[in-house]
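Enquirer: The listed protein sequences derive, respectively, from chains A and B. Residue numbering for the first sequence follows this note's numbering, starting at 1 and increasing by one per position. Residue numbering for the second sequence follows this note's numbering, starting at 1 and increasing by one per position.
Calculated from the structure, these hints are not laboratory results. Each hint should be verified, as a subset may be incorrect.
[As the list claims (entries may be wrong)] So, partial list: chain A residues that the calculated Cβ filter (under 7 angstroms) puts toward chain B:
no.: 1; residue: Trp61
no.: 2; residue: Gly63
no.: 3; residue: Leu66
no.: 4; residue: Met85
no.: 5; residue: Pro105
no.: 6; residue: Arg109
no.: 7; residue: Val111
The beta-carbon is built from N, C-alpha and C at its ideal position, and this holds for glycine as well.
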Amino acid sequence: MASVTIRNLVKRYGDTVAIKGLSLEIRDGEFIVLVGPSGCGKTTLLNSIAGLLRVEEGEIWIGENLAVAPEQGVFIPPQKRGVAMVFQDYAIYPHMTVFGNIAFPLEIRKVEKKEIRKRVVEIAQLLEIEDLLGRKPRALSGGQKQRVALARAIIRSPKVFLMDEPFANLDAKLRVRARVEIKRLQRELGITTVFVTHDQTEAMTMGDRIAVMNTGCIEQVGSPTTLYEEPRNLFVAGFIGSPPMNMWPAQVKLVQGKRMADLGFFAIELPAPVFEAAKAIGAKELMVGVRPEHIVIHPQPQERAFEAQVVHIEPIGKEFNVYLEANGESLVATVNSVSGLEIGQRVWLAFGKGKVHFFDRSSGKALR
Amino acid sequence: MSRVQSRRVLVYLLLLSFAGLALLPLWSGVVTALKSSKEVVLSTPLTPPMRPTFAPLIEALDYLKRPLVNSLVLVGAGTIVSCFFGSILGYLFSKYRFKGSNLLFLLVVICLYIPPQVQLIPMTRVMSNVGLYGKLGALVLLYMFFGIPMCTFVFKTLYEEIPTSYIRAAMVDGAGIWTTYRRVILPLSVIPFVIAALLQVTIIWNDYLWGLVLTRGMANMPVTVALANLKGSFVGAWNLQMAGSIWVALPTLIIFVFLGKYIIRGYAGI
Ligand SMILES: Nc1ncnc2c1ncn2[C@@H]1O[C@H](COP(=O)(O)OP(=O)(O)OP(=O)(O)O)[C@@H](O)[C@H]1O
Ligand SMILES: [Mg+2]
Numbered sequence: 001m002a003s004v005t006i007r008n009l010v011k012r013y014g015d016t017v018a019i020k021g022l023s024l025e026i027r028d029g030e031f032i033v034l035v036g037p038s039g040c041g042k043t044t045l046l047n048s049i050a051g052l053l054r055v056e057e058g059e060i061w062i063g064e065n066l067a068v069a070p071e072q073g074v075f076i077p078p079q080k081r082g083v084a085m086v087f088q089d090y091a092i093y094p095h096m097t098v099f100g101n102i103a104f105p106l107e108i109r110k111v112e113k114k115e116i117r118k119r120v121v122e123i124a125q126l127l128e129i130e131d132l133l134g135r136k137p138r139a140l141s142g143g144q145k146q147r148v149a150l151a152r153a154i155i156r157s158p159k160v161f162l163m164d165e166p167f168a169n170l171d172a173k174l175r176v177r178a179r180v181e182i183k184r185l186q187r188e189l190g191i192t193t194v195f196v197t198h199d200q201t202e203a204m205t206m207g208d209r210i211a212v213m214n215t216g217c218i219e220q221v222g223s224p225t226t227l228y229e230e231p232r233n234l235f236v237a238g239f240i241g242s243p244p245m246n247m248w249p250a251q252v253k254l255v256q257g258k259r260m261a262d263l264g265f266f267a268i269e270l271p272a273p274v275f276e277a278a279k280a281i282g283a284k285e286l287m288v289g290v291r292p293e294h295i296v297i298h299p300q301p302q303e304r305a306f307e308a309q310v311v312h313i314e315p316i317g318k319e320f321n322v323y324l325e326a327n328g329e330s331l332v333a334t335v336n337s338v339s340g341l342e343i344g345q346r347v348w349l350a351f352g353k354g355k356v357h358f359f360d361r362s363s364g365k366a367l368r
Numbered sequence: 001m002s003r004v005q006s007r008r009v010l011v012y013l014l015l016l017s018f019a020g021l022a023l024l025p026l027w028s029g030v031v032t033a034l035k036s037s038k039e040v041v042l043s044t045p046l047t048p049p050m051r052p053t054f055a056p057l058i059e060a061l062d063y064l065k066r067p068l069v070n071s072l073v074l075v076g077a078g079t080i081v082s083c084f085f086g087s088i089l090g091y092l093f094s095k096y097r098f099k100g101s102n103l104l105f106l107l108v109v110i111c112l113y114i115p116p117q118v119q120l121i122p123m124t125r126v127m128s129n130v131g132l133y134g135k136l137g138a139l140v141l142l143y144m145f146f147g148i149p150m151c152t153f154v155f156k157t158l159y160e161e162i163p164t165s166y167i168r169a170a171m172v173d174g175a176g177i178w179t180t181y182r183r184v185i186l187p188l189s190v191i192p193f194v195i196a197a198l199l200q201v202t203i204i205w206n207d208y209l210w211g212l213v214l215t216r217g218m219a220n221m222p223v224t225v226a227l228a229n230l231k232g233s234f235v236g237a238w239n240l241q242m243a244g245s246i247w248v249a250l251p252t253l254i255i256f257v258f259l260g261k262y263i264i265r266g267y268a269g270i
């Protein structure tokens with residue numbers, strides 16, 4: 001078990017810079033989830049921590065040990081870092097049995113045969129795969145392969161556990177199971193874990209903290225609630241949450257002595273701290289964001305509401321996504337009930353009190 | 001009979017006659033090898049032997065036994081050494097890209113395309129400088145090294161199919177380059193070894209030019225060169241020549257019949 005500290009990491013592939021001076025502090029025993037659009041450098045970051053890639057600049061500390069520091073010529077090879085990794089395709093060796101696969105890291109370390117046997121059986125029991133130990137990988141299902149990969153990764157009690165989209169090849173039901181299982185395992189073993197995913201739900205439910213990456217940088221690190229409720233900038237606001245936050249451009253205006261954000265078709269009063277923050281950086285052009293569940297749909301005209309038309313209603317289990325159009329712009333609202341709503345109907349929309357996000361349009365920074 | 005059926009019969013007849021035509025030399029070789037010298041003169045090359053005899057086969061084998069052993073030695077040494085180095089180089093080229101590895105591999109591929117005629121004179125000089133000219137050792141050395149580019153090529157192409165994540169997983173699990181090779185790559189190499197070995201075996205066994213140029217005397221000759229001499233020593237002894245040819249062709253014939261699909265994979269580079 002160890003913390004991981006990354007300082008000003010830079011990784012280039014020829015002319016493209018995959019990681020641009022990234023810093024991240026991962027606490028001991030923490031489960032941190034890396035999310036970000038495709039190509040933002042998640043795999044690159046993970047491989048750099050594992051030592052499968054060499055970076056150009058920066059430092060990586062694993063616990064007390066400096067693992068990477070190209071400026072000082074430090075590079076600890078992957079086999080000496082005490083990290084374990086689960087790959088997207090599981091990378092289970094096809095010529096070995098399940099037992100052989102799980103035992104592999106210990107055999108390499110020349111652990112005694114009896115000890116290996118004991119540990120493999122222990123781990124297999126923990127993951128409920130003891131019946132499969134004699135099988136060859138081609139006789140395993142996707143979910144079983146995934147457990148074998150997990151077992152192989154945890155058998156040597158790694159300091160850090162890296163997982164690159166380990167659920168990508170599982171169906172929806174297995175994903176939920178695997179999610180719960182990995183979380184349980186991680187809590188029991190207390191291994192520092194870095195988990196890459198594309199899945200919002202996985203990120204929100206599994207992470208002690210989430211790090212949102214974009215084009216080789218980290219935009220924000222924080223607890224799932226923090227990221228959801230207080231996104232630091234437009235990118236994080238747009239990336240976290242599904243369906244994504246509704247956004248409109250707006251201008252700061254003084255209307256009848258009140259400071260308002262003017263959306264063109266609608267105006268919202270700016271809270272005093274937001275106005276101060278905007279003034280401090282001289283922001284006149286804003287972006288206003290409201291999460292779908294913070295849009296209230298009224299069938300009748302209302303004070304402080306604007307008119308819209310229902311375009312489409314999408315049931316998503318116990319809730320509904322209602323797609324609307326207002327002044328030529330589409331938006332989406334998530335509601336508990338759609339009784340009395342019809343496609344094509346005229347409705348009035350209001351924003352939940354205190355649930356509106358304001359951003360400076362040029363820098364993308366949140367104003368609060 | 002319907003039109004479709006009769007057309008099909010026609011196609012089969014045509015194919016059969018082509019097959020027959022292709023097999024004619026083999027037939028002629030086998031029947032001639034089973035005839036006595038007198039019968040060879042008295043009958044056509046296609047008529048079956050009236051009184052079949054194994055004498056020519058036995059005599060040819062006796063004449064070729066030393067060169068046959070020589071060729072076996074060449075095939076064994078050349079195949080094992082080239083496959084061994086080819087496998088390691090293929091592994092490094094496919095899984096450990098380093099600065100300039102592409103250029104280096106290009107050089108390896110170019111080696112495959114240098115015609116032996118260009119290398120005859122320099123190679124003869126080299127061999128006589130190291131004191132191996134005329135000896136079997138010259139050929140052993142030559143085949144060991146000449147097979148490496150081809151084997152590297154075969155192994156590299158086939159190793160590309162092994163997911164890189166296996167290598168990475170092994171590294172993270174604690175294995176270095178060589179442990180990974182031994183524990184992960186080598187056990188997955190059965191097919192590439194079979195393909196590369198078969199290619200090497202057939203190439204070395206059938207090669208004539210290098211043996212002709214670099215060796216002297218029956219004790220050093222590969223079997224292909226000795227076979228050509230069979231013609232010179234026995235005037236018009238067709239039955240002996242055919243018997244000798246059968247002995248020489250037999251191993252490769254067996255390989256092609258039973259393992260031909262691997263050879264095709266090797267040449268196709270897949
Ligand atoms: N071997 C490579 N050579 C050149 N460029 C590369 C290489 N590997 C990755 N890149 C580039 O580096 C950037 C980051 O890639 P990376 O694989 O880390 O993205 P990712 O966040 O894992 O994406 P995904 O979510 O699709 O897996 C991308 O722009 C990619 O094109
Ligand atoms: Mg990736």
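Enquirer: State for each hint whether it applies.
Expert: Now the hints, each set against the structure:
1. Trp61: violated (18 angstroms)
2. Gly63: Constraint on Gly63 (chain A) not satisfied, violated at 17 angstroms.
3. Leu66: violated (19 angstroms)
4. Met85: Holds, about 5 angstroms.
5. Pro105: holds (4 angstroms)
6. Arg109: Interface hint status for Arg109 (chain A): holds (6 angstroms vs cutoff 7 angstroms).
7. Val111: violated (11 angstroms)
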